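Below, each chain spelled out in residue letters.
2 protein chains.
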Amino acid sequence: MNPRFKKQLALNYWLPLAAAAALALQGTSARAVEGMWTPDQLPEIEARMRQLGLEMPAGALSDLTGFPFGAVISLGGCSASFVSPQGLVVTNHHCARGSVQYNSTPEHNYLADGFVATTRDGELRAAPGARVYVTTKLTDVTRPVTSGLPADMPPRERYQAMDDRKKQLVAECEAPGGLRCVVASFHGGAQYRLVERLEIRDVRLVYAPGDSIGKYGGDVDNWMWPRHTGDFSFYRAYVGPDGRPADFSKDNVPYRPKHFLQVSRAGLKEGDFIMVAGYPGRTNRYARLSEVEHTFGWYYPVMEALLRDWIATIEAAAQEGSDARIKYEARLSGLNNYMKNLGGQIEGARRVGLVERRRQREAALLEWVATRHGRTYYRRSIDGLEAVIADRNRDAREQFWFNNALRPQLLAAAHELYRLSRERQKPDAEREPGYQDRDLRFIRERMEAIERRYDPQVDRAEWLLFLQGYLSQPAGQRVAALDTALKLPAAYDRAALEALLAPYYRDTGLGDVATRLAWVDKAPADFEASEDPFVRLAVSLYPYRMAREEADKVRDGRMQALRPEYMNTLIAWNAAQGNPVYPDANGTLRVTYGTVFGGSPRDGILYEPFTRLEGIVEKDTGQAPFDAPARLLERIAARDYGPYELASIGSVPVNFLSDLDVTGGNSGSATLDARGHLVGLLFDGTLESVNSDWDFDVRTTRSIHVDTRYMLWVMEKVDGAGHLVEEMTLATTP
Amino acid sequence: MNPRFKKQLALNYWLPLAAAAALALQGTSARAVEGMWTPDQLPEIEARMRQLGLEMPAGALSDLTGFPFGAVISLGGCSASFVSPQGLVVTNHHCARGSVQYNSTPEHNYLADGFVATTRDGELRAAPGARVYVTTKLTDVTRPVTSGLPADMPPRERYQAMDDRKKQLVAECEAPGGLRCVVASFHGGAQYRLVERLEIRDVRLVYAPGDSIGKYGGDVDNWMWPRHTGDFSFYRAYVGPDGRPADFSKDNVPYRPKHFLQVSRAGLKEGDFIMVAGYPGRTNRYARLSEVEHTFGWYYPVMEALLRDWIATIEAAAQEGSDARIKYEARLSGLNNYMKNLGGQIEGARRVGLVERRRQREAALLEWVATRHGRTYYRRSIDGLEAVIADRNRDAREQFWFNNALRPQLLAAAHELYRLSRERQKPDAEREPGYQDRDLRFIRERMEAIERRYDPQVDRAEWLLFLQGYLSQPAGQRVAALDTALKLPAAYDRAALEALLAPYYRDTGLGDVATRLAWVDKAPADFEASEDPFVRLAVSLYPYRMAREEADKVRDGRMQALRPEYMNTLIAWNAAQGNPVYPDANGTLRVTYGTVFGGSPRDGILYEPFTRLEGIVEKDTGQAPFDAPARLLERIAARDYGPYELASIGSVPVNFLSDLDVTGGNSGSATLDARGHLVGLLFDGTLESVNSDWDFDVRTTRSIHVDTRYMLWVMEKVDGAGHLVEEMTLATTP
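Protein sequence lines, in the order shown, are assigned to chains E and B. 21 is the number of the first residue of the first sequence in our numbering; add one for each residue after it. 21 is the number of the first residue of the second sequence in our numbering; add one for each residue after it.
I should point out that these hints are in silico values taken from the structure, not numbers from a laboratory. Keep in mind it's a predicted model, so treat the numbers as computed, not measured. Quick reminder that beta carbons are idealized off the backbone N, C-alpha and C, glycines included. Check before you lean on any hint, since a few could be wrong.
To be verified - To spell it out: a stretch of chain B is covered by chain E in this simulated footprint if at least three of its residues, at any positions, have a beta carbon under 8 Å from a beta carbon of chain E; those stretches are:
1) 240 to 247
2) 628 to 638
Stated by the list, open to error - Just the calculated beta-carbon pair ranges, DEER-fashion:
3) G341/E with V240/B: 29 to 35 Å
4) G670/B with V240/E: 32 to 38 Å
5) G670/B with G291/E: 20 to 26 Å
6) G238/B with M566/E: 51 to 57 Å
7) G238/B with G454/E: 49 to 55 Å
8) G291/E with D329/B: 46 to 52 Å
9) A644/E with R399/B: 41 to 47 Å
Chain E extracted, bound-state conformation (with noise of 0.2 Å):
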């Protein structure tokens, strides 16, 4: 790229205003709105969002446990939102697929055919792991987990007294039982919010259409526009007689939400106001420049072609149509998703210049900082800062392989096992989070769902491709542990590697399911007196592995303290110029707005804002995944389009686009109208917009829905769930 026209672009170096329309080379209306908002903070802004459509009563908004946000959810990984007052839910097919497989058989092949239970006892349990989490109470404890803390603190002293600070506020919330709590870090450390969720853990499948319906297009048209998915699927929540969250149990009863949307028959057009209700995973919007340049410049080039080696590996490992290929199916999909994503945020970080405007922006914040009291502190702090982080994209580089040798699945889960034991000869309060009681039953879910997702014979191949790395590195990165324990030869030699790795897979008993299950339960010494291959290996490098997690620890520590200053600075520079700032996604309910709209994602090309039924028509080739069921093309072919039609388009809207501010785990959010009536759910972004995670960019960002419309069209003219139309509440005026 030229440098003239990067600098032209890195004027619009700070971009959480909508005024970045310069950028935008087209006449056309662009309106994105950065920000993915905690609740607490839309009375801020809930002026710009009045101004461009929000109709909600004053103050409804900055209730996080009302209406609407109350009925918005989280299924750890995706969001959803009740529907009904039988606590229906409502989220993405991509969110619910798992479930439908779990359950389907040669027999009952529901991922092909969809499912739709017709009574409650029809209902299916969902994959084991499955969870509703409601959101229920949200409390600033950065006093509790930060004050007090000398400014001077050794760094390890300092991790260890927030780690007990966090596990000991969270012991408490969970205390009353049903609950599962998490101390959520925000800004970088500078606040911490205790989020207090009901763990509801009998999840139900109730509705999902087929994948020719719910994942139409499947992986060609994934990230793309234009898109024809009908990405949805219902669960049922269940509790105890007693109301509160239990085991599977046929006496449990349908949950009842304090609050549930009601589904909009009059969908949106084209400019109207949304806003999208959800659980975003991470953003990286205020990451230093030296982040961004190890990422980029480094991270996403190299596993970008570690993705290639090793989706070819396992495709090569298992043939198409064995049963290693369906083990493999949702790693596959996910490695592929990766890449793309990958290769996606590459090409945008070129487009928008991002490591040019990075450095524009802290120019510009050190500018600010120079005419300021402070500016000597704020500078050690920013030295110290980039010091850790320069240590850390230093470990990373270094421990890429080794770090890739230790993937393979028995072997990880024999560390996670071993390092449980060890845990357990603590008290509770003091165990390292993810160890303590209350994560046992995940540790056992894990161990279970490695049935349906490990064949050695892939997995060896995998462990091949990460060895060859691991050996064709400059010897000084090799760890002594790995090269001892494995015997590793000197230089990579693959049929030496072959017959070294042979024996693990031979001997080992960690690929039967109750044997590591009972591991569970070990003592220490049953782990080092074990002749299990896996385990002896696992158990000789957790000497090295906690060595480096006690480094973690200490850089940790020093990160603890040093970004918050530098977040600080940040939101202050930004309230100077009157701009609010968003934390970075960290997994906590968020909420974004904008409008229905299209754009043009590039010169040449303009996004219309729906495409319509008679796209799926236009695509489909009757192989997958242009493979849509016959019902729906006759409906489409007949016009039945009923009372979900869009005049302006002519047709049924099948998926819309807008300008919103989201990412991963925002898959299934309820997209609200300006009312707060459900029109759509989230579940995708454009490949030019994933860029977005590390720099909004209003030319390019885009948000896909599938539109409530078709969901309804599908469910009552397709796939006769009628009856849950009747059970869910419809508005049927905007």
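Use these hints to put chain B onto chain E, whose structure you have.
Okay, now just chain B, sitting in the frame of chain E:
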């Protein structure tokens, strides 16, 4: 695709009218006008053209040699036009690139850096074989070619009689010298026209931008929109001091065309009327269903698969960066282009339901015929035509791999040379077309051209691939002559085959250009006595190939009697509906018209009709094919638009889309505005529209043009070719 939808599509089974807009699922105002009209047809459709915006004086259109069509010329395979009284010719960069490559050396890399002649003396000789053909006269010769041949004439005799008559017409036409004449068949032989063309053979390269402008986007953007390619270059036509075509000489002078085009600086806006005049190569709009099914059901998929293997074979044999790769770049690019085109055609045929539409058309025609006199005769001629087509289709399948096995370049050369020696035994007038004295120059040029396109390693790898296909087919399709001559094994065995082919490349003298040229003048006995392995192989295969050619001529003779009947019926049917019928493209001058139009090629996407300078910056990665020159990027950053800005897009338009009806051969065609000013050069179509060669689809057919404003901007602001801008006459008002 759902059968019902297919039927809905099929209602528009016959589409010479723009009225088929019902197909356009969008509310876009598609006004695409099907038709590649011969100039003599224009008066018939002039009213429609005026309705769309044509403003030229009445009568101007029907004069082939007047303004503007007299300025429109052919380069043989590409179209072009005169743009100055000094014989300056503008065409596409990709049409002149062979001449740029021909003149490039390690010291002067014109492909990379571009070339501008600042004086006449500095102009460079175009590549051997470059020609400028100026159509000077078009005469209907249907009667001289076809009259007096009895209906029951044996097919072989009919073929010969017509061939002799055509050769006679050509010979008479060319008698004055300096002309190249051809008898072109229209409507499958229902009409013949004698095209008289001035053949200018001193052609010089005047100006070509570098690949980073002229080929911007390369194979990635090929057939794609949005597009930012500066696909323009300039030649100059030279003639002897007497004004007649002559071989290259210092004494030659610029040709003074009767007409040249004014170049528009004012340009177009969305919706403006445009027309394109050029030499489209071939379409199949009137092909029978049985021909469509053969092509899409067998030939295209088989060819697409072969192309994939063929490309991989060349890439493996000619390593990137090697001399061999440079020699095969043009072939690779051609094969890739063809493969992408076939993929687009196959997908397009599926999307529009080509087979079903053709079936419906033939059924409708049959229905109409049933109401007419002569229907029995019509049915009989249709049955006859179908029998010939079936025979040809079967033959194509059976001979597919044999024909591929004849592709090695030196084998093809040996065959052509031996054939020439045999033909030369006859008086010139009796020889096979292509082997007459008038063809000798081209044969010599082809023998020379092998020098720049042949590498024995790569050629052998290709031959191995073709022979693998040949040996893997059913034994019944093998050709004894080839099996014997090559001593082919019963089944494919790579090692054996390699051993078999090695001596061909080791012992042949045909790899040497002087040797090949020497063979041009030898006698059949010289060939028959030769020890050169390729010559020996060509001689052994000769009787079989001649026998096949005889059989082809018999079939052609039958076709010549039957196809005109069918076409005349089709024309009568359309006439009854008030629709004029344009002939399929056949390399003669055609005019097509329409408007500047983006529209929606697929549900959910809109094409903007113009791209902008800033779109180049947006795509630019600094790596080919997205590596615009620094100077160009600077001028964009400086917004130095000069007088070339289009206000409605806020920039200089780079490329634009239209709904015109074009195909291969149209490359370089003059795009004219309502008054006949040059506003662009046609250079491509979108991938969605390539299927229009078989079935014009108003929804998807879009042609891509380079805007003259971009051309002038590059010449003036970037490439220092302002003196050429001054040589041209600019039209500053639309």
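Check: Against which earlier hints does the structure fall short, listed by number upward?
Finding: none
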